[in-house]
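Enquirer: Chain by chain, the residues run as shown.
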Amino acid sequence: MIENLFFMNGFGLYVWSAFAFTLVSFLTLFLVIKIQYNKEKNKFIAKFGSLNSERAAFAKSQSINKEILSNTSNI
Amino acid sequence: MFKYFEPNKIFSITSKAPKYVLFLFIVILSIGLTEALILSPEDYKQSHSVRIMYVHVPAAWISLGIFSAITFLSIVGYIFKIRNFFLIAKSLAPSGLVFNIIALVTGSIWGKPTWGTWWAWDARITSMLILALFYIMYLIAWRIFEDNDKVFKVTSIITILGIINVPIIKYSVDWWNTLHQPASINILSKSSIHISMLFPLLTMTAAFALFSLLIFLMKYNTELIKIKNKGLDRL
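Chain order of the listed sequences is A and B.
For the first sequence, position 30 (counting from the first letter as 1) is numbered 30 according to the working numbering, and the numbering increases by one without interruption.
For the second sequence, position 42 (counting from the first letter as 1) is numbered 42 according to the working numbering, and the numbering increases by one without interruption.
In short, the hints are calculated from the structure, not lab data.
Worth double-checking, as some hints may not be accurate.
[Stated by the list, open to error] No farther apart than 27 Å at their CA atoms in a straight line, the calculated lysine-lysine pairs in the BS3-like style are these: (1) B:K153 to B:K230; (2) A:K39 to B:K226; (3) B:K226 to A:K47; (4) B:K19 to A:K47; (5) B:K81 to B:K153; (6) B:K170 to B:K45.
[Stated by the list, open to error] Estimated spans, in silico, between C-beta atoms of each pair: (7) A:N9 to B:I82: 52 to 58 Å; (8) B:T34 to A:N9: 18 to 24 Å; (9) B:I144 to A:I2: 48 to 54 Å; (10) A:L13 to B:S192: 27 to 33 Å; (11) A:I2 to B:R143: 44 to 50 Å; (12) B:K190 to A:K39: 47 to 53 Å.
This one's a predicted model, so the numbers in the text were calculated from it and none came from an experiment.
Using N, Cα and C, we set each Cβ at its ideal position, and we do this for glycine too.
Can you build the whole structure from these sequences, using the hints too?
Expert: In structure tokens form, the structure reads like this:
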């Protein structure tokens, strides 16, 4: 059973490499997008922190900015 | 109607959705992989190599679907001047390109035991390669042009030119003599694929669709934060 799952009548190398390539591509794309997301978010938080109180209050009045600041832990 | 597509309104949804989509994707992918690698039967002609179909076909379908969606969004966005449609289209492109590459590579791996060659310049494979080039041109255009009006125009032209290739991909197996087999699944007529193979194929397609949704949401949120970063610079 296990041997058949790995070797698949001689086609195992082709089947497993196709599935492995797919999953590695998924993981790579996910990590690249995640890194880009974290980079932009950290930049946003740093920029927000450097605003003076008046500008920070104005920026915070926009709902989307509040959402970005509150969602620091998604995925 | 288009006011519902404003970034401020949808960010509250898109920022929370990825974790649920990721969970659902992992569940559906696990079921799909079990079906595709263990439970589904081998083919009487191609033996176990037919299992490559469960990653190759969904990847091809989704890359074609994403390119069609990008074209639709670009044209509608350009006509009605909806900037957010371009943002949605841009966020869809990375997963579309990756699925296109997966379709090409897994097709090549499948070709070796089935046709005896890794690559053939036949109509279906060549037109899929051309689609990948259009995806690459589309993504490069977003990097090259900084002016919004210019990038909207250029990316719309690229997608309009690229969409001509989509029906060619679909009907290439009927129009020309190719190594590629004709479609086994037809929406309008009876499919020639057995239910024991159709179920894993549809499950893997659902998993791949969820993955492209996950990547789209993450990329879209990144693009929105990028815009907000520019907004903070102007304060």
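Enquirer: Taking the hints in turn, state whether each one holds.
Expert: Against the structure, the hints:
no., hint, in the structure
1, B:K153 to B:K230, "holds (22 Å)"
2, A:K39 to B:K226, "holds (10 Å)"
3, B:K226 to A:K47, "holds (12 Å)"
4, B:K19 to A:K47, "holds (26 Å)"
5, B:K81 to B:K153, "holds (11 Å)"
6, B:K170 to B:K45, "holds (24 Å)"
7, A:N9 to B:I82: 52 to 58 Å, "holds (53 Å)"
8, B:T34 to A:N9: 18 to 24 Å, "holds (20 Å)"
9, B:I144 to A:I2: 48 to 54 Å, "holds (51 Å)"
10, A:L13 to B:S192: 27 to 33 Å, "holds (28 Å)"
11, A:I2 to B:R143: 44 to 50 Å, "holds (47 Å)"
12, B:K190 to A:K39: 47 to 53 Å, "holds (50 Å)"
The structure shown violates none of the earlier numbered hints.
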